[in-house]
Amino acid sequence: MTRIVMLYCAFAACVVVLLSGAVVVRRLVDGRRHRRDALLSRQYLHIVILSLMSETDTVPHFPRLESAGARMVLAETLARLVSSTYGLDLGPLRRIFRDAGLQPFLLRCARRTRGCRRARYLSLLSRLPADAAVAAAVERYGSDRHRAVRFYALMVRLAADPSMALQLIGAYPDPLSAFELSEIVSMLRRGVLPVAYEPLIESPNRNLRSLGIAIVRQFGIEEAEENLLRIASEDTTGELGREALYALCALRRPMARREVVRRMGLMSRAERRALLRCMALEGYSETAFGSPVGDEETPYFESFVLSYKRCLVC
Amino acid sequence: MHRILIVSDDPFLRDMVRFALGGLDAEVRSVSEACEIRRVSRSVLFDVVIVLTVSPFACCDCFDRRRNGLRRPVVYVVAWQHSEQTVLSLLENGADQYMTFPVNLQRLRGKVADELNRLVP
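So the sequences go chain by chain: A and B.
Residues in the first sequence are numbered consecutively from 1, following our numbering.
Residues in the second sequence are numbered consecutively from 1, following our numbering.
No lab work stands behind these hints, which were simulated from the structure alone.
Treat the hints with care, as some may be off.
Listed next, the stretches of chain B that the computed footprint assigns to chain A, with coverage defined by at least 3 CB atoms under 8 angstroms from CB atoms of chain A [said to hold, decoys possible]:
#	segment
1	17 to 26
2	97 to 108
Counterexamples of contact, computed for chain A against chain B with all Cβ distances above 10 angstroms [to be verified]:
#	residue
3	13
4	70
5	90
6	108
7	112
8	132
9	168
10	178
11	194
12	239
13	253
14	271
15	286
16	298
17	305
These figures come from a predicted structure and were not determined experimentally.
Ideal Cβ positions, reconstructed from N, Cα and C, are used throughout, including at glycine.
Kindly generate the complete structure, drawing on both the sequences and the hints.
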């Protein structure tokens with residue numbers, strides 16, 4: 001019996017040692033790979049920026065591009081550069097994208113994976129200079145089961161053909177979430193999509209209207225106040241009315257308006273308090289409403305406006 | 001030779017701006033934290049400081065006082081915040097120029113080059 005126990009203990013100890021060794025090796029390999037990727041990314045960024053700043057048409061050479069993971073590092077570097085800047089010369093970027101074989105690489109990766117990983121590859125594709133062939137290749141992901149995949153397929157198609165933005169967003173089947181709207185607006189800030197809020201905010205389509213409100217809020221378009229008030233009074237139960245109130249609040253327009261007070265009266269208590277917190281953060285005074293907004297909410301709002309917690313509430 | 005300091009907690013953005021400023025007649029240094037600014041600027045007088053960070057207020061605080069009558073560097077802040085209040089507060093706190101991300105690298109380079117040319121005695 002003792003021998004069996006000893007053998008069992010020895011076996012368990014061996015397994016623990018082996019597993020610990022495997023974890024250590026894995027961490028070392030990951031650390032080395034991470035350092036190599038950071039170094040490569042820096043090198044590639046330097047090459048890309050030199051290529052963008054120079055006037056020549058030559059395609060730069062990227063060292064070790066054929067090594068494992070290097071093409072992904074280049075794709076991520078380019079995507080990060082494109083999302084942090086605007087006005088880059090698309091000619092050299094297209095040449096790099098084509099000659100480094102990033103387009104087939106990312107499409108292949110998207111085809112072989114699913115779910116979040118596929119969405120990530122499509123997200124990278126949407127930041128790189130895509131053409132009609134890429135848009136056609138990702139069209140089938142528009143009906144994917146995963147919502148993020150469907151959305152980034154839309155983003156790739158928007159990047160490939162900005163002139164079709166209204167049709168593509170209008171035909172998108174899901175209501176756009178706040179995150180998805182911010183992704184589209186950040187694309188718009190990079191100058192990829194045209195900025196015209198009026199056709200969007202007047203549109204009967206929910207997604208286009210929502211995008212119009214997001215643009216008004218993001219760019220501080222005060223001329224859109226009447227449109228926002230109309231949306232707040234028309235959309236009495238849905239999200240659009242609520243978004244319109246938040247946009248008015250971000251524009252710091254007077255909130256003691258009949259449409260605003262009526263819409264707030266239709267909100268749930270939690271929604272009303274969330275809006276009041278946002279108003280306190282934006283710097284509205286405790287007399288922002290001509291009439292009290294509710295027996296409970298008025299002291300709640302006043303307490304935030306008058307307290308030091310104002311900068312912490314949202 | 002002119003001296004430029006880049007402050008950013010994001011190595012990618014730091015390198016991006018550093019490479020974009022390559023070729024200018026200036027020595028470019030970079031630090032990752034606001035607290036390092038004081039240490040670096042004790043020994044070197046910078047002409048332009050470019051702050052690319054999530055919390056630019058911490059950096060502006062380092063340049064609010066003139067040191068022994070020396071010239072104060074021109075402070076550029078490039079950040080993601082674009083609300084009017086933030087921009088005005090930054091300008092009041094010592095930033096000379098404010099640009100939002102996404103930023104145009106050619107424009108930033110041009111502005112910095114103009115600033116350096118203006119500093120030539």
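Going through the hints against the structure:
no. : hint      : in the structure
1   : 17 to 26  : holds (count 4)
2   : 97 to 108 : holds (count 7)
3   : 13        : holds (42 angstroms)
4   : 70        : holds (17 angstroms)
5   : 90        : holds (13 angstroms)
6   : 108       : holds (26 angstroms)
7   : 112       : holds (27 angstroms)
8   : 132       : holds (25 angstroms)
9   : 168       : holds (22 angstroms)
10  : 178       : holds (16 angstroms)
11  : 194       : holds (16 angstroms)
12  : 239       : holds (23 angstroms)
13  : 253       : holds (13 angstroms)
14  : 271       : holds (23 angstroms)
15  : 286       : holds (19 angstroms)
16  : 298       : holds (25 angstroms)
17  : 305       : holds (16 angstroms)
In summary, this structure violates none of the numbered hints.
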